[in-house]
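J.: Spelled out from the first residue to the last, the chains are:
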Amino acid sequence: MNSNLPQAQLSYWIAFKAIFVRELKLAWQKPSQIIQPMVFFLIVVTLFPLGISPAPKTLQMIGPGVIWIAALLAIMLVVDRLFRQDYQEGTIEAWLLSTVPMSLLVGAKLLAAWFISCSVLLLISPVLALLMNVESQVIPALMLSLLIGTPILLFVGAIGNALTVSLNQGGVLLSLLVLPLYIPVLIFATSLIEAASFNMDYSGQLAILISMLLVSCFFAPVAIAAALKNTVN
Amino acid sequence: MWKWLHPYAKAETAYNLCYRLLPYFSWLAAITLIAGSIWGLLYAPSDYQQGDSFRIIYFHVPTAIWSMGAYTSMAICGLIGIVWQIKNAELAVYAMAPVGAAFTFLALVTGAVWGKPMWGAWWVWDARLTSELILLFLYLGVIALYNSFEDKRTAARAASILAIVGVVNVPIIHYSVEWWNTLHQGASITKFDKPSISPDMLWPLLLNIAGFLFIFAAIVCLRLANQILINDARRPWVKALVEQSSTESTSSVKGKHNAV
Numbered sequence: 033m034n035s036n037l038p039q040a041q042l043s044y045w046i047a048f049k050a051i052f053v054r055e056l057k058l059a060w061q062k063p064s065q066i067i068q069p070m071v072f073f074l075i076v077v078t079l080f081p082l083g084i085s086p087a088p089k090t091l092q093m094i095g096p097g098v099i100w101i102a103a104l105l106a107i108m109l110v111v112d113r114l115f116r117q118d119y120q121e122g123t124i125e126a127w128l129l130s131t132v133p134m135s136l137l138v139g140a141k142l143l144a145a146w147f148i149s150c151s152v153l154l155l156i157s158p159v160l161a162l163l164m165n166v167e168s169q170v171i172p173a174l175m176l177s178l179l180i181g182t183p184i185l186l187f188v189g190a191i192g193n194a195l196t197v198s199l200n201q202g203g204v205l206l207s208l209l210v211l212p213l214y215i216p217v218l219i220f221a222t223s224l225i226e227a228a229s230f231n232m233d234y235s236g237q238l239a240i241l242i243s244m245l246l247v248s249c250f251f252a253p254v255a256i257a258a259a260l261k262n263t264v265n
Numbered sequence: 179m180w181k182w183l184h185p186y187a188k189a190e191t192a193y194n195l196c197y198r199l200l201p202y203f204s205w206l207a208a209i210t211l212i213a214g215s216i217w218g219l220l221y222a223p224s225d226y227q228q229g230d231s232f233r234i235i236y237f238h239v240p241t242a243i244w245s246m247g248a249y250t251s252m253a254i255c256g257l258i259g260i261v262w263q264i265k266n267a268e269l270a271v272y273a274m275a276p277v278g279a280a281f282t283f284l285a286l287v288t289g290a291v292w293g294k295p296m297w298g299a300w301w302v303w304d305a306r307l308t309s310e311l312i313l314l315f316l317y318l319g320v321i322a323l324y325n326s327f328e329d330k331r332t333a334a335r336a337a338s339i340l341a342i343v344g345v346v347n348v349p350i351i352h353y354s355v356e357w358w359n360t361l362h363q364g365a366s367i368t369k370f371d372k373p374s375i376s377p378d379m380l381w382p383l384l385l386n387i388a389g390f391l392f393i394f395a396a397i398v399c400l401r402l403a404n405q406i407l408i409n410d411a412r413r414p415w416v417k418a419l420v421e422q423s424s425t426e427s428t429s430s431v432k433g434k435h436n437a438v
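Chains as they are written, first to last, in this note's numbering: chain A, 33 to 265; chain B, 179 to 438.
Calculated from the structure, these hints are not laboratory results. Treat the numbers as computed from the prediction; the structure is a model and nothing was measured. There could be a bad hint or two in this list.
[Said to hold, decoys possible] The list that follows gives simulated cross-link-like pairs (lysine to any residue, SDA-like), each with its CA atoms no further than 20 Å apart:
(1) Lys261(A) <-> Ile258(B)
(2) Lys261(A) <-> Ile264(B)
(3) Lys330(B) <-> Thr263(A)
(4) Lys261(A) <-> Phe327(B)
(5) Lys330(B) <-> Leu199(A)
(6) Lys330(B) <-> Asn200(A)
(7) Lys261(A) <-> Arg331(B)
(8) Lys261(A) <-> Lys265(B)
(9) Lys265(B) <-> Asn265(A)
(10) Lys188(B) <-> Leu199(B)
(11) Lys261(A) <-> Thr332(B)
(12) Lys330(B) <-> Leu205(A)
(13) Lys261(A) <-> Ala333(B)
(14) Lys261(A) <-> Gln263(B)
(15) Lys265(B) <-> Val264(A)
(16) Lys62(A) <-> Leu109(A)
(17) Lys261(A) <-> Leu257(B)
(18) Lys261(A) <-> Glu328(B)
(19) Lys417(B) <-> Tyr197(B)
(20) Lys330(B) <-> Asn265(A)
(21) Lys261(A) <-> Ser326(B)
(22) Lys330(B) <-> Gln201(A)
(23) Lys261(A) <-> Asp329(B)
(24) Lys261(A) <-> Lys330(B)
(25) Lys265(B) <-> Thr263(A)
(26) Lys330(B) <-> Val264(A)
(27) Lys188(B) <-> Trp262(B)
(28) Lys261(A) <-> Val261(B)
(29) Lys265(B) <-> Thr250(B)
(30) Lys261(A) <-> Leu136(A)
Modelling step: build the complete structure from the supplied sequences, incorporating the hints.
T.: Right, dumping it as structure tokens:
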């Protein structure tokens, strides 16, 4: 590059890192945004023994599925406010004006969001598994499925949030858009856990989940960038 | 080909094309659907296992096929609209969504009616049924998203993006039979080498499949023409059209407005 020109071109890596660090700082300043979905996660799981039956056998059977559904709903809450503040403050307009591709910036934000919220979710899932009387040999499979499944949910949900960010109704519409797309993930994740509970090989389900992760990783930032451009105009 | 296609990006030409194609599709739909349904319901032989109750296949299979076909074409229109910035393609997305949703709903209802005598239950959580239900939710999502925006241009683009994202689901529906291999019977007529359905039963089914495609095309033409008119209501060509039709005794444009 010609060194006489002013440095208008921002390095992709620096931009990526800057967004990532910014998100972490923001999350550190407002920990309630991380804690609230996690408390929600706990409460939803607590409701099931009360609503269905506290018998250990029943809990053991429904446990992994309940934890997965609760995780899915908690991620819906995380996703619901993912881009809202950025949209209101005008950060998204700044991203659009940047020389760095929008999808890269979105990717950095998503990675940070996953790192912040899903890691907490992942860490408390074994505790919930104990509450739900899940067998100890199933817990690694549960955590593995959450490790691979939650980023898919986050990426897909972020598309829904990017589409609805300019509307004030959020929540309900978002769940209508996003929950149907979550169903395949839920099916494969729970079938993975079921296979693990029978001591069977679950590499097939794992491979499908990983392929879904790769596909969503690749396409979601592009779709989110297109959706955000559309709302900002 | 581009020279031939390019004029249809213009609203007026697209409107005229829709309007001109509409009678052809409507007549083709009427003929094939009446012929196929009468042949299928009255004259086709009954199944040796399922008796006469198999005859719902003549509505279940076409609606199920085109519920997916409509979604795919909707997503293709969305992609064309987003990539080449063609407004008419975005309008077509919303023109197709409710029709596809209706087909999906019909496929689910006819499937439930068929499932009751055959499987002994209105609904089973079979992979294919579930996927069809998800497809219905996807359609409803597209419709809901379109309707929640004030600015219809933004709405059409958002709905297009959602349709493209959701199209991932269509292959899952298609391959779910092989993946999960559960209660739902395998495909009978898409096996190219040797169909596992008798030709006497097959012909009326093919007629009805064609008929549902034509009725889909006819309704979409009508809806798209209306969308274009509503969108361009302030443009000179629409005003000219309204004046022209109001001088004639029958105001066909206004009548068509009321129809949708």
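J.: Give a verdict on every hint.
T.: Do the hints match the structure? See the list:
| no. | hint | in the structure |
| --- | --- | --- |
| 1 | Lys261(A) <-> Ile258(B) | 17 Å, holds |
| 2 | Lys261(A) <-> Ile264(B) | 16 Å, holds |
| 3 | Lys330(B) <-> Thr263(A) | 12 Å, holds |
| 4 | Lys261(A) <-> Phe327(B) | 15 Å, holds |
| 5 | Lys330(B) <-> Leu199(A) | 13 Å, holds |
| 6 | Lys330(B) <-> Asn200(A) | 16 Å, holds |
| 7 | Lys261(A) <-> Arg331(B) | 13 Å, holds |
| 8 | Lys261(A) <-> Lys265(B) | 16 Å, holds |
| 9 | Lys265(B) <-> Asn265(A) | 15 Å, holds |
| 10 | Lys188(B) <-> Leu199(B) | 17 Å, holds |
| 11 | Lys261(A) <-> Thr332(B) | 10 Å, holds |
| 12 | Lys330(B) <-> Leu205(A) | 17 Å, holds |
| 13 | Lys261(A) <-> Ala333(B) | 13 Å, holds |
| 14 | Lys261(A) <-> Gln263(B) | 13 Å, holds |
| 15 | Lys265(B) <-> Val264(A) | 18 Å, holds |
| 16 | Lys62(A) <-> Leu109(A) | 15 Å, holds |
| 17 | Lys261(A) <-> Leu257(B) | 16 Å, holds |
| 18 | Lys261(A) <-> Glu328(B) | 17 Å, holds |
| 19 | Lys417(B) <-> Tyr197(B) | 17 Å, holds |
| 20 | Lys330(B) <-> Asn265(A) | 13 Å, holds |
| 21 | Lys261(A) <-> Ser326(B) | 18 Å, holds |
| 22 | Lys330(B) <-> Gln201(A) | 17 Å, holds |
| 23 | Lys261(A) <-> Asp329(B) | 15 Å, holds |
| 24 | Lys261(A) <-> Lys330(B) | 15 Å, holds |
| 25 | Lys265(B) <-> Thr263(A) | 16 Å, holds |
| 26 | Lys330(B) <-> Val264(A) | 14 Å, holds |
| 27 | Lys188(B) <-> Trp262(B) | 13 Å, holds |
| 28 | Lys261(A) <-> Val261(B) | 13 Å, holds |
| 29 | Lys265(B) <-> Thr250(B) | 18 Å, holds |
| 30 | Lys261(A) <-> Leu136(A) | 14 Å, holds |
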